[in-house]
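In the order they appear, the protein sequences are chains A and B.
Heads up, the first sequence is in our numbering, so the first residue is 1228 and it goes up one at a time.
Heads up, the second sequence is in our numbering, so the first residue is 1383 and it goes up one at a time.
Hint data in this document are derived by calculation from the structure and do not stem from the laboratory.
One should not assume that every hint holds.
[Claimed, not checked] Some chain B residues flagged as far from chain A (calculated, every beta-carbon gap over 10 Å):
(1) Arg1385
(2) Ile1618
(3) Gly1666
[Unchecked claim] Computed footprint of chain A on chain B; a stretch qualifies when at least three of its residues, placed anywhere within it, have a C-beta under 8 Å from a C-beta of chain A:
(4) 1397-1409
(5) 1412-1425
(6) 1516-1524
(7) 1601-1614
Glycine included, every Cβ here is placed at the ideal spot set by N, Cα and C.
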Amino acid sequence: MNTRFDRRTLLKGGAVALTGIAAPSIVRGQAPATIKIGILQPVTGALAMDGEFGRTGAELAIADVNAAGGIKSLGGAKLEMVFGDARSNPEAGVQEVERMQGEGVVAIVGGFASPICLAASQAASRYDLPYLVDVGVSDQIISRGLKNTFRFAPGFGICTKSAIENLVRINEAAGKATKTVALVHEDGLFGSGLAKLMATELPKHGFEIVETIAIPTPSRDLSNVVLRLRSLNPDLVIPSTYYGETVLLARTMQQQRVRPKAVYSVLNGAASNMRFVKEFPEAADKIMDCNHWHDPRNPKNAELQKRVEAAGKIWNYNTPLNYSSVRLLADAIERAGAADRAKIIAALGSSTFAEHLMPYGPTRFENGQNMGAAPVSTQVQDGQIKVVFPEAFADAKPVFPVRG
Amino acid sequence: MTRHTALWIALLLAAIAVAPLLTASNAALNFIVFVLIIALAAQGWNLLGGVAGQSSFGHAAFFGTGAYVSALLQLRFGVNAWAGLAAGIAMGALVGWVIGFLSFRAGLRGSYFALVTLAFAEVLRILANAMGFTGGAAGLLLKLDLGFANLQFSSRAQFLWLALGFVALGLIISLRIAATRFGAQLVAVRENEDAAKALGVDVLSVKLRAIAISGAMTAAAGVLYLQYFLYIDAQIAYGVWISVEALLAAMVGGRGLVLGPIIGAFTLHGLGEATKAFAGRVPGIDLMVYGGVLVLVVAFAPGGVLGLLAKLRPKSRRSGETA
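Looking at chain A on its own, in the form it has when it is part of the complex:
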């Protein structure tokens, strides 16, 4: 079995490589070739839900680019998706990058989780294969000096800075309604880092941290955590946890009638996830989050959201983020005028792409990071996730504090 698989991959790779070498002469004259782009998402394992959101966005973007006539500078060449399942772990991500390389993709978009993005972009860098990170927030991703790696979305540093600034501004606008804070964080990469940062930054703005509680992922029961919150009675609860734990925390707080003045989460797995809002509307009501979210003032989002929901899928930020990333890549290929990796990397680096769906402004990469990228603060209001801050993108006013 193994040799058959190898030979086939080899043949495919060879054929694609030959097409690539001959591309200028073939592509201009005759029928447009297809351009393969790799879409890497974890669609099995612990991150499967997020992987699906991302894949949906990438699929829609590829369909739209093709429907609009493909890559015009390459004679209307169509994009073809080569999908890889990263299975929620970095080894599988690397394996899929190798396979995609074998199939002759010109670039890869996705990864979702930081460890997957770190390993996969590194594997791609061996072939100077452009790698566009969709979500992975770890700042190590872009601080390694890899020339092939770009991130359209904001990283951890930008997100936490904005989260704290936004919170301070919202709180001041409400006449400093909240003072005491309890941090509940998952004990992994983003939760611990965030809690540490909050614990040093928030006191500078007049907040008082009354407790920092680390919880493991997955957690099956948070009764004790909520009991602790009840006894501390903080004004503000800041959870930075993944989907399951946030839902559990919100529901346990609802059951035990623990009602802080506000719940302000950061890069939360659930607080800006429509599934949570739909399944537990009461527990989710008025929860705020500082996270990736689409630009609600851009009418294209409503249109895309309708298409996603018409297909029976749930809308989440990964979808417009991956949609935008693929469009950004298509724009770079268009401007590169060739399915050539070095040229695509150069075109990405000089990108000023502005027709995306995110609240970012025009794209401007600096060492691979899109400097225009920033998260927004959202709030669940009337069963919808609304952007409440910054005002330039907001489609609702923050309800803060929720209770007096």
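Mind docking chain B on chain A? Use the hints.
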């Protein structure tokens, strides 16, 4: 060991060694490298769990120690990667000895020993996750700096040969042990600890030596993982996944048999990969096959793939048992 077995082993290693010459597909080579790393970790498990009969559920403790020690030495102290490899292996042996000393001296056997190893691995995982020194939850990232001196190779083939070298070394050690008095003592401890003690075997010392060698082997796999993927965090290095991989590869291949871990690792992952190639579009189908193989092995071939093969052969030609 018979000549027959030696021939099979040599053939298998040679077949893997020439793979890079037969295919230019890095996807295939990358797959083999990963399976070899798993096989090496499983060889460590097999020595303790298979040959000596002390089933561990916490080989992640060794895997992670190897990876973390090497990464920390390189990142925090600027130590050379090869020295990091040696130190990682040595620390794996030491951690093995310490865990062994604490649990074997307390007389823990069977499922109690398995549980306590799981607990050690989890403690190490939580520590690595919580401490700033180990990079906390952000993990440790080795700088991509290709070159022989840094134990990073630009070609997948070179890394494959390195990993294969380690697996071959593991095989040689396992075969040597099987042929010595120490090997016989291990089997004696597995079959009946009290009887072994009555015959004058120093059970504690035998078990400690076994767990130290086992820890060193699995730690070597951890260092190779680090050098190959260049990124570890607590979940990767000390996660339960690697304990399970090490244990399953050895069990599916043939518990206690020298070739078991290699056969098991290639069977499990090879079938998964083959399924992906055939039914590529359905996500998770390879994982279902993986699960299916496990169920079948547990139900119908408790001796693993090699045990099954031995059963199928005519009695007169049976010769594979080397443990």
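Notebook entry, point to check: Can we confirm that no CB of chain A comes within 10 Å of the CB of Arg1385/B?
Noted result: 27 Å, holds
Check: Residue count check for the segment 1412-1425 of chain B against chain A: does it reach three with CB-CB under 8 Å?
Finding: With 3 residues closer than 8 Å to chain A, the segment 1412-1425 of chain B meets the three-residue bar; holds.
Item checked: Status of Gly1666/B, Cβ more than 10 Å from any chain A Cβ -> Violated, because the least Cβ-Cβ distance between Gly1666/B and chain A comes to about 4 Å, which does not exceed 10 Å.
Item checked: Verdict on chain A covering the segment 1601-1614 of chain B, criterion of 3 CB contacts below 8 Å -> holds (count 3)
Margin query: Please verify the coverage claim for the segment 1397-1409 of chain B: does it have three or more residues whose C-beta sits within 8 Å of some C-beta in chain A?
Written below: holds (count 6)
Checklist line | 10 Å cut-off, C-beta based - Ile1618/B kept clear of every residue in chain A | finding: Non-interface label fails for Ile1618/B: nearest chain A Cβ at 7 Å, not farther than 10 Å.
Notebook entry, point to check: Quick check: the segment 1516-1524 of chain B, covered by chain A? Criterion 3+ residues, Cβ under 8 Å.
Noted result: Holds, because 5 residues of the segment 1516-1524 of chain B bring their Cβ atoms closer than 8 Å to Cβ atoms of chain A.
When held up to the earlier numbered hints, the structure conflicts with 2 and 3 and fits the remainder.
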